[in-house]
Structures are given as C-alpha cells and as structure tokens.
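*Asks:* Residues per chain are reported as follows:
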Amino acid sequence: MMNVTLAINGAAETVRVDGATTLLRVLREQLRLNGAKRGCDYGVCGACSVLVDGQPTRSCLALAADCEDRAILTIEGAAPAGELSALQQAMLDTGAVQCGFCTPAIVLALKALLDANLSPDEAAVRGALGGNICRCTGYSAIVAAALKVAHG
Amino acid sequence: MVGFHKPRTLAEALALLAADAEARPVSGGQTLVPMMNLDLFRPSAIVSLNAVDELCGIAADAAGTVRIGARATHAELAASTVFAAGQRLIPRAAAQIAHPAVRHAGTIGGSCAHGDPAADWPVALCAAGASIEIASPGGRRLVAAVDFFRQFLTTALEPGELVTAIIVPPLPGNGVYRKFSRVDGDYATVSVAAVIEVSAGICRFAQVAAGSVGPRPVRNAAAEAALVDRPLDEAAAQKAAVLLAAGASPMSDVRGSAAYKQRILPGLIAATLLECARP
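Residue numbers (numbering that gives the first Met the number 0), protein chains in the order written: chain A, 0 to 151; chain B, 0 to 278.
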C-alpha cells in the first residue's frame with residue numbers, strides 16, 4: 000500500500016491505495032463522497048463519472064494512484080455548499096430527476112459540455128449524455144434542462 | 000496487493016515489464032481496469048505509462064505518413080486535423096468509439112494491444128494499411144496491422160513488448176468508417192472501414208475491411224481488385240461487398256446471431272463504399 004495525494008474539489012486529500020484501487024473506491028469508501036455511484040463497475044453505466052481535468056471520466060476505471068497531479072471534481076464540489084448551480088436548478092425545474100442514481104454523473108457530464116460549448120444544440124447534448132444511462136426519465140427532461148441553461 | 004510504478008521513460012517502463020512477467024502496462028485503463036474490477040485478472044503490478052511522454056503525439060512527416068503515439072486518446076484522434084484525404088478514416092473511426100468519457104481516457108495503443116476484434120481500431124487500421132510499432136528491451140519492430148491482429152484478444156505482441164506507435168501511410172481519396180450497433184456507443188455488431196479514390200469517374204484505389212465479423216478483421220484482395228479501374232456504382236459496390244463478406248466468420252453473441260451479422264454485412268459494405276466514393 001502507498002499514500003497518494005489527490006486534488007479533489009480543490010482540496011488536497013491523502014489516501015492509502017494499492018495499484019488496483021479505483022478512484023471510485025477512494026471517493027466512496029475513504030472520503031465518503033457518495034455522489035459518484037457504483038453501478039456496473041466496468042465503465043458502461045456512467046453513474047460513477049466525475050470530472051478529471053474538466054473531462055468526464057469513469058471513476059470506476061481510473062486508478063487512484065495514477066490520478067496525482069490531476070484536478071478531480073465530484074458532484075459535491077459542483078456548487079458551493081447549500082447552493083445549486085444553474086444546471087442543477089434547471090434540472091429541478093424541468094423534472095429531470097426521478098430516482099436520482101444517475102443524476103450526479105449527468106450533472107457533471109453536462110457541466111463539461113456547457114463549459115466547453117456555451118450554446119450546444121440538442122444533438123450535442125445527447126452526444127454528451129451518450130455514456131450516462133438513466134432508466135427513469137427517458138432523457139427528455141434532462142436534455143430540456145441543458146438546453147434551458149444554454150439558450151434560456 | 001497490486002504494486003504501482005509510474006516510470007518517466009520508455010526504457011524504464013520496458014525494464015519494469017521485463018523484470019516482472021505478471022506486471023501489466025496501463026494508460027487509459029478502459030480495458031484493464033474493468034477486467035480487474037470483475038476479478039477476471041489481477042496483475043502483480045501496474046506500470047502506468049502516463050508519464051512516458053515519448054508515447055504521446057500525432058504528427059505527419061514531409062511525405063504525409065502519420066505517426067500516432069500509443070498514448071493518443073480516441074478523443075485526440077477524433078479532433079486531429081493532421082490526417083489528409085483517405086487518412087480521414089482514422090479520426091472518423093475515433094469519433095465513433097463509445098462515449099465522451101471513454102474517448103477521453105482510452106488510447107489507440109491500448110486498444111491495439113488488447114486486440115478485441117469487435118473494437119473499432121483493428122478494422123480501421125487494417126483498411127488503412129497501417130503498421131504497429133512495437134518496442135522491447137531489445138529494440139523496435141514494425142508489424143503490419145493485418146498481421147498484428149491474429150485472433151480474438153491475441154496479437155503479435157510478445158511478453159514484455161509494448162505498442163509504442165501506429166504508423167498510417169499517406170492514402171489517396173477519401174476514408175470512411177461505418178459501424179452498426181443496436182445501442183449508441185456500443186461495440187459494433189458489424190463495422191466497415193474503407194479508403195477509396197475515384198478520379199474522373201473511375202475508382203483508382205480501394206482498401207476495405209470488415210470488423211466484428213470473426214476473430215480478426217477481414218480484407219480480401221479480390222474484392223478490392225474488383226473495384227479498381229471501373230466506375231464505383233451500385234453494382235460494383237454490391238459485387239465487392241459479396242466477395243468481402245464471403246470471408247467473414249461472425250460468431251453469435253449478445254449483439255446478434257451469426258446469420259444476422261452475415262446477412263446485414265454486404266449491405267453495410269456496399270453503403271460504406273458508395274459513401275466513400277462520393278465527392
């Protein structure tokens with residue numbers, strides 16, 4: 000085992016890992032950042048996604064030991080404590096949340112899109128969500144929320 | 000307990016792998032990490048390549064040959080403007096791999112080394128006539144893609160060897176990748192990669208491969224010869240498609256039965272050829 004120091008939501012966190020420990024396990028089991036969900040654990044469902052250096056990343060497929068010197072953002076850091084980002088508020092307004100299991104990763108996937116492209120069209124929004132499975136909403140309200148933030 | 004190394008040079012990485020036959024190299028981790036999570040495989044140590052900058056970069060030389068460093072991600076390749084004419088097959092294939100998160104992490108070198116015949120790179124690189132550059136402590140060698148991908152998850156890589164680059168020769172005309180999958184971003188049910196040059200209405204150059212239809216990508220010299228020196232019309236495309244599809248040996252799996260794949264393959268080949276031939 001070894002110590003690694005990760006930059007998570009702007010804070011330096013030192014955790015104890017071996018070479019196979021995933022970022023997801025560190026987030027949930029050591030740091031109690033439970034917004035990232037363990038769904039499939041092999042990169043298909045998208046529920047564990049976080050942003051690494053601004054890009055959506057499967058935390059279940061990222062090795063924690065390999066993430067030193069990278070900026071990790073989880074849903075817990077997506078807005079100041081007790082506040083909602085404009086995207087989170089739009090998702091509430093459009094009814095884009097049902098069971099909520101996929102929601103943290105979807106917020107982050109859309110944040111990465113909106114940070115890179117201020118006015119994405121519907122195809123771009125759907126492309127950004129391609130790796131995030133939602134079994135409740137049928138996606139329409141989620142897409143509507145992203146378009147509302149982008150285009151008002 | 001799994002060890003972890005993060006060497007800064009290729010020589011160090013090769014030495015670490017040579018010293019421990021059960022250690023495994025990793026860059027994007029999009030294949031090795033799921034295998035570990037599912038308890039399919041447990042290496043003695045991880046050798047991260049993510050500080051080996053010699054493996055980065057996508058660049059063309061004066062002759063137009065493109066050298067793709069093994070660590071180039073699918074997203075970098077999809078956005079690259081280095082590829083010209085028929086080489087545009089490469090970014091077009093990259094853009095169709097999985098989803099943004101996988102494209103930003105996964106690398107072309109890792110995908111090649113894994114050698115999954117349902118993946119997008121084996122078929123695209125075979126159609127492009129690309130070569131795989133391989134390094135070991137003893138030196139480097141180049142293997143043509145059609146010889147590199149041997150069997151299901153089996154490549155020309157020997158123990159202790161690493162994929163260091165993919166070399167794409169200059170290619171005329173146009174390059175197209177078409178993939179059919181039932182679910183967006185999934186592995187292909189079947190896929191086709193083509194490089195076609197049409198000049199004054201006559202097809203002058205044709206390289207075409209089918210993927211996800213057997214243990215390795217399929218190319219057929221007779222199918223390519225049948226396309227050249229005549230107009231690439233519907234009839235020519237259909238004829239070549241039937242010749243190429245005859246070499247396919249798909250397996251039944253969750254993405255479709257062997258008979259289904261065999262049935263839809265000629266149509267996808269012909270459609271890809273016609274799209275590639277359009278000005």
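One or more of the hints may lead you astray.
Calculated cross-link-like contacts (lysine to aspartate or glutamate; reagent style EDC-like; alpha-carbon spacing at most 16 angstroms) [stated by the list, open to error]: (1) B:Lys5 / A:Asp17; (2) A:Lys147 / A:Asp114; (3) B:Lys238 / B:Asp228; (4) B:Lys5 / A:Glu67; (5) B:Lys5 / B:Glu53; (6) A:Lys147 / A:Glu121; (7) B:Lys5 / B:Asp38; (8) B:Lys5 / A:Asp68; (9) B:Lys238 / B:Asp252.
Bear in mind the hints are in silico, worked out from the structure with no lab data behind them. Since the model is a prediction, treat every value here as computed from it, not as a measurement.
*Asks:* Please go over all the hints and tell whether each is borne out by the structure.
*Replies:* Cross-check of the supplied hints:
{"no.": "1", "hint": "B:Lys5 / A:Asp17", "verdict": "13 angstroms, holds"}
{"no.": "2", "hint": "A:Lys147 / A:Asp114", "verdict": "15 angstroms, holds"}
{"no.": "3", "hint": "B:Lys238 / B:Asp228", "verdict": "14 angstroms, holds"}
{"no.": "4", "hint": "B:Lys5 / A:Glu67", "verdict": "11 angstroms, holds"}
{"no.": "5", "hint": "B:Lys5 / B:Glu53", "verdict": "14 angstroms, holds"}
{"no.": "6", "hint": "A:Lys147 / A:Glu121", "verdict": "11 angstroms, holds"}
{"no.": "7", "hint": "B:Lys5 / B:Asp38", "verdict": "23 angstroms, violated"}
{"no.": "8", "hint": "B:Lys5 / A:Asp68", "verdict": "13 angstroms, holds"}
{"no.": "9", "hint": "B:Lys238 / B:Asp252", "verdict": "28 angstroms, violated"}
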